[in-house]
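Heads up: the sequence lines are chains L and S, in that order.
For what it's worth, numbering that gives the first Met the number 0 labels the leading residue of the first sequence as 0, then goes sequentially.
For what it's worth, numbering that gives the first Met the number 0 labels the leading residue of the second sequence as 0, then goes sequentially.
Think of the hints as simulated: they come from the structure by calculation, not from any bench.
Since the model is a prediction, treat every value here as computed from it, not as a measurement.
We put the CB at the ideal spot given by N, CA and C, even for glycine.
Misleading hints may appear alongside valid ones.
[Stated by the list, open to error] Per the computed footprint, the stretches of chain L lying under chain S, defined by three or more beta-carbons under 8 Å from a beta-carbon of chain S, are:
id : stretch
1  : 113-119
2  : 163-171
3  : 175-186
[Stated by the list, open to error] Okay, derived cross-link-like pairs now, DSS-like style, lysine-lysine, Cα gap no bigger than 30 Å in a straight line:
id : chain 1 : residue 1 : chain 2 : residue 2
4  : S       : Lys114    : L       : Lys198
5  : S       : Lys123    : L       : Lys198
6  : L       : Lys135    : L       : Lys65
7  : L       : Lys112    : S       : Lys371
8  : S       : Lys430    : S       : Lys51
9  : S       : Lys33     : L       : Lys202
10 : L       : Lys65     : L       : Lys112
11 : S       : Lys211    : S       : Lys180
12 : L       : Lys179    : L       : Lys65
13 : S       : Lys371    : S       : Lys384
14 : L       : Lys135    : S       : Lys33
15 : L       : Lys202    : S       : Lys123
16 : S       : Lys430    : L       : Lys112
17 : L       : Lys135    : S       : Lys51
18 : S       : Lys371    : L       : Lys202
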Amino acid sequence: MNKDELLNALENSIIMGHLDADDEGYDGTMEGTPGTLEYTEQALEEGVEPQKILELFGRAMEEVGKLFETDEYNLPDMLASAECVGEAMDILEPKLQAGSSSQKGKFLIATVKGDLHDIGKNIVATMIKGAGYQVKDLGIDVPAGDILQSIRDFKPDFVGLSALLTTTMIEMEQVVKMIKDEGFSDIKVFIGGAPTSKKFATKIGADYYCRDVMDAIHILEKLREAS
Amino acid sequence: MIIPDAQQLKLLAPSEMRLIHAGALRLLSQVGVKVSHEGIAEKLVSRGAQQKGNRIFINKNMVDSALAETAKTIQFDAPDPAYGFTLNTSENQVKFGTGGQALYIVHPDGNGWSKRPAVSDDLKKILSLCDQLKNVDFVTRPVECDVPEDQMDVEKAKIFREYCSKPMNVANLVKVEYLDKVLEIIGNPAHVSFVISLVSSPLVLDTAAGEKFVALLEKDLPVAISCCPQGGSTAPFSEVGELLQLHAELMFGFVLANVIRPGAKVLYRGIPITSNLYTDGSPRWCQPDCIRRVAIAAQLCRFYNLPCCGTAGVSDEAEPSAQGLSEKVLSWTYEMASGAQYINSALGMLEQVMSVSYYQYVIDDIALGIVKDNFKADQSGEISKIAKTATLEALSHFGVAADEKVEAEIDARIRHIENALEPYDEEYIDKQLAVIEKAVNQSGGSTVFMKSARKGLREGYIYRGNRIDAPLNLTAVNKRLENIDGLTKF
Ligand code: B12
Chain L
0 MNKDELLNAL ENSIIMGHLD ADDEGYDGTM EGTPGTLEYT EQALEEGVEP
50 QKILELFGRA MEEVGKLFET DEYNLPDMLA SAECVGEAMD ILEPKLQAGS
100 SSQKGKFLIA TVKGDLHDIG KNIVATMIKG AGYQVKDLGI DVPAGDILQS
150 IRDFKPDFVG LSALLTTTMI EMEQVVKMIK DEGFSDIKVF IGGAPTSKKF
200 ATKIGADYYC RDVMDAIHIL EKLREAS
Chain S
0 MIIPDAQQLK LLAPSEMRLI HAGALRLLSQ VGVKVSHEGI AEKLVSRGAQ
50 QKGNRIFINK NMVDSALAET AKTIQFDAPD PAYGFTLNTS ENQVKFGTGG
100 QALYIVHPDG NGWSKRPAVS DDLKKILSLC DQLKNVDFVT RPVECDVPED
150 QMDVEKAKIF REYCSKPMNV ANLVKVEYLD KVLEIIGNPA HVSFVISLVS
200 SPLVLDTAAG EKFVALLEKD LPVAISCCPQ GGSTAPFSEV GELLQLHAEL
250 MFGFVLANVI RPGAKVLYRG IPITSNLYTD GSPRWCQPDC IRRVAIAAQL
300 CRFYNLPCCG TAGVSDEAEP SAQGLSEKVL SWTYEMASGA QYINSALGML
350 EQVMSVSYYQ YVIDDIALGI VKDNFKADQS GEISKIAKTA TLEALSHFGV
400 AADEKVEAEI DARIRHIENA LEPYDEEYID KQLAVIEKAV NQSGGSTVFM
450 KSARKGLREG YIYRGNRIDA PLNLTAVNKR LENIDGLTKF
């Protein structure tokens with residue numbers, strides 16, 4: 000396989016959401032064949048510029064986005080591709096030259112204390128990672144103190160909070176207050192989940208309410224353009 | 000109402016149900032349940048469970064004892080004694096109740112429907128309304144109160160005490176320390192029962208729920224053990240895989256219940272629904288794939304002679320509509336024919352349990368009456384016939400004339416409900432058990448199941464048909480509500 004063929008295979012494996020040889024891929028038949036992770040490593044070994052690989056990731060995800068919009072792809076297809084990029088970024092990231100870093104920003108995400116709902120949060124975390132952000136997912140039922148500690152350690156640009164219960168959404172207010180009180184006022188706070196709303200976000204001082212994951216990605220892109 | 004044996008549908012053969020049960024036992028003994036609650040882990044170990052780290056492994060003997068010991072009759076009394084009833088595992092009696100903990104109230108606004116957050120006053124009004132509806136046999140808390148968290152349980156109990164004369168299911172407790180107070184307000188513990196979502200799928204005990212479960216069973220109160228995996232996100236997308244996991248999680252609940260209190264009054268509430276992986280992952284409650292899976296869960300429960308709490312009639316529609324009505328009728332019909340005895344969430348619900356509407360309670364009361372009449376009139380025992388006739392009749396009652404397209408759509412939904420798309424054999428079950436085990440042991444949570452759903456999605460595991468769209472004539476519903484003070488005002 001020459002370099003062009005290799006890059007084509009890499010792009011294709013992302014579009015097909017084929018992570019690695021252990022993964023069954025798009026139609027359940029791809030196990031045993033190399034996927035995104037193997038091709039990324041091979042491309043780096045063969046001396047392909049990391050920057051070029053990064054651009055390829057962007058192109059592939061754009062194609063996936065189009066396939067989703069035209070209904071050819073369903074949610075799991077998009078998530079699979081996003082996960083391919085997310086995991087391949089872990090390989091690529093250390094190889095990118097300082098300055099040309101992929102860094103679109105760091106996103107810390109958690110479901111707040113008392114709440115175990117994570118289906119929506121997991122979709123958001125995977126998609127944002129796939130869109131090129133560095134994501135740290137603290138999981139479910141996370142106390143405000145733990146979120147704050149992670150903010151100190153991980154130094155995120157964005158914090159995303161999820162709550163699905165009327166009884167736990169109140170916890171978000173605590174977290175936002177702690178973030179502001181601790182002087183992290185540059186961090187943009189995103190909130191989401193069924194009982195939350197724009198009105199609620201305003202009330203508790205969160206920066207953005209997101210109806211769904213696409214909402215979040217659009218806001219992030221807008222913020223990037225603005226800066 | 001009693002559903003005769005001739006009208007009991009068998010979507011799975013006894014041998015297929017035994018395979019699911021055996022597969023669930025393998026999950027419990029080999030994959031285990033994550034239990035972080037030390038007291039509960041100790042209790043289970045003292046009765047023969049094995050423990051490795053925070054996983055607890057349950058053996059077949061423990062499940063067998065739980066099946067034998069669980070209470071076979073449960074009495075639901077009510078402030079008005081005329082409404083009390085007994086659930087007996089050997090009888091095909093079916094009772095219907097409300098449900099939910101919905102967040103929103105959907106109401107007409109002159110131009111259609113709009114929604115607003117539900118408040119305590121809604122709880123009062125819905126309870127008053129349900130007291131008057133013929134087909135509401137018991138009342139499960141439909142909405143929460145808009146009071147601070149630590150007042151919620153007490154406020155809810157006060158409203159139930161004042162506005163409900165039927166058997167009460169207050170669903171969950173927010174704070175377990177208020178249990179005594181709640182019982183004191185209700186006045187008679189025999190009037191009240193609960194729902195606990197005990198296990199967070201896949202196979203993780205919810206510690207806080209476990210705490211409440213212990214407190215409720217120590218007081219010998221009836222509890223529906225609720226298990227609501229979402230096929231394609233918290234359980235396999237495959238029907239067989241989801242049922243294996245669901246049944247294992249519920250068997251764990253029954254084992255724990257009988258460890259806490261031998262002969263516990265616990266109900267099997269299996270709600271194996273699916274995630275809408277065509278779009279955004281939101282839950283599908285009332286589509287043919289879900290109706291089928293939930294019906295099979297009820298059949299499994301009855302096969303193992305356990306008290307059966309069903310779920311039916313939770314429409315996926317955001318507002319009262321012909322589509323929603325058709326979903327509800329099919330869902331009630333198949334749940335009734337599957338042996339469910341205590342059907343929750345059956346009236347008033349919209350938008351995947353997110354909303355309720357006063358209008359929908361009345362619509363459902365009428366439509367459920369139509370379904371019951373069709374069961375009574377049927378001589379053939381063909382559930383597909385009852386389902387179709389009842390759907391057409393309910394639509395027609397609200398002014399929707401069915402054309403060929405509508406009939407074809409109803410036929411297609413019924414076909415999806417009644418026919419298996421996957422094999423129920425040992426090899427396939429092994430494959431599904433491996434999917435569950437992989438998800439349990441891998442990080443990535445719900446996206447693990449989502450990604451492995453791609454093949455099934457292309458094979459049509461979730462139904463994709465046509466909508467039934469037509470305006471509903473709600474004149475009679477309006478009149479009914481006008482007679483009850485305050486219910487037509489937004
Ligand atoms: C699945 C589910 C469960 C599962 C959770 C499984 C899991 N791993 O998540 C189980 C069965 C365990 C469960 C348990 C309970 N649940 Co529940 N559950 C649901 C249900 C049906 C679906 C939620 C869901 O996954 N939606 C699909 C995802 C894709 O959507 P989403 O979460 O909204 O996320 C999207 C957006 O909101 C947004 N978003 C979400 N978070 C974030 C965060 C950020 C940063 C951003 C940018 C965006 C974003 O983007 C996401 C993707 O597009 C809802 C009802 C409903 N229709 O929503 C009830 C619901 C939320 N549950 C409810 C209740 C009451 C409970 C229990 C208390 C039940 C009980 N009686 O014990 C327990 C509580 C457990 C706990 N302590 O948290 C109520 C809450 C009502 C209220 N007034 O608060 C609801 C509304 C159902 C109801 N009406 O009764 N539940």
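Hint-by-hint comparison with the structure:
{"no.": "1", "hint": "113-119", "result": "holds (count 5)"}
{"no.": "2", "hint": "163-171", "result": "holds (count 3)"}
{"no.": "3", "hint": "175-186", "result": "violated (count 0)"}
{"no.": "4", "hint": "S/Lys114 x L/Lys198", "result": "15 Å, holds"}
{"no.": "5", "hint": "S/Lys123 x L/Lys198", "result": "26 Å, holds"}
{"no.": "6", "hint": "L/Lys135 x L/Lys65", "result": "27 Å, holds"}
{"no.": "7", "hint": "L/Lys112 x S/Lys371", "result": "44 Å, violated"}
{"no.": "8", "hint": "S/Lys430 x S/Lys51", "result": "24 Å, holds"}
{"no.": "9", "hint": "S/Lys33 x L/Lys202", "result": "38 Å, violated"}
{"no.": "10", "hint": "L/Lys65 x L/Lys112", "result": "37 Å, violated"}
{"no.": "11", "hint": "S/Lys211 x S/Lys180", "result": "14 Å, holds"}
{"no.": "12", "hint": "L/Lys179 x L/Lys65", "result": "38 Å, violated"}
{"no.": "13", "hint": "S/Lys371 x S/Lys384", "result": "13 Å, holds"}
{"no.": "14", "hint": "L/Lys135 x S/Lys33", "result": "24 Å, holds"}
{"no.": "15", "hint": "L/Lys202 x S/Lys123", "result": "28 Å, holds"}
{"no.": "16", "hint": "S/Lys430 x L/Lys112", "result": "35 Å, violated"}
{"no.": "17", "hint": "L/Lys135 x S/Lys51", "result": "29 Å, holds"}
{"no.": "18", "hint": "S/Lys371 x L/Lys202", "result": "48 Å, violated"}
The earlier numbered hints that this structure contradicts are 3, 7, 9, 10, 12, 16, 18.
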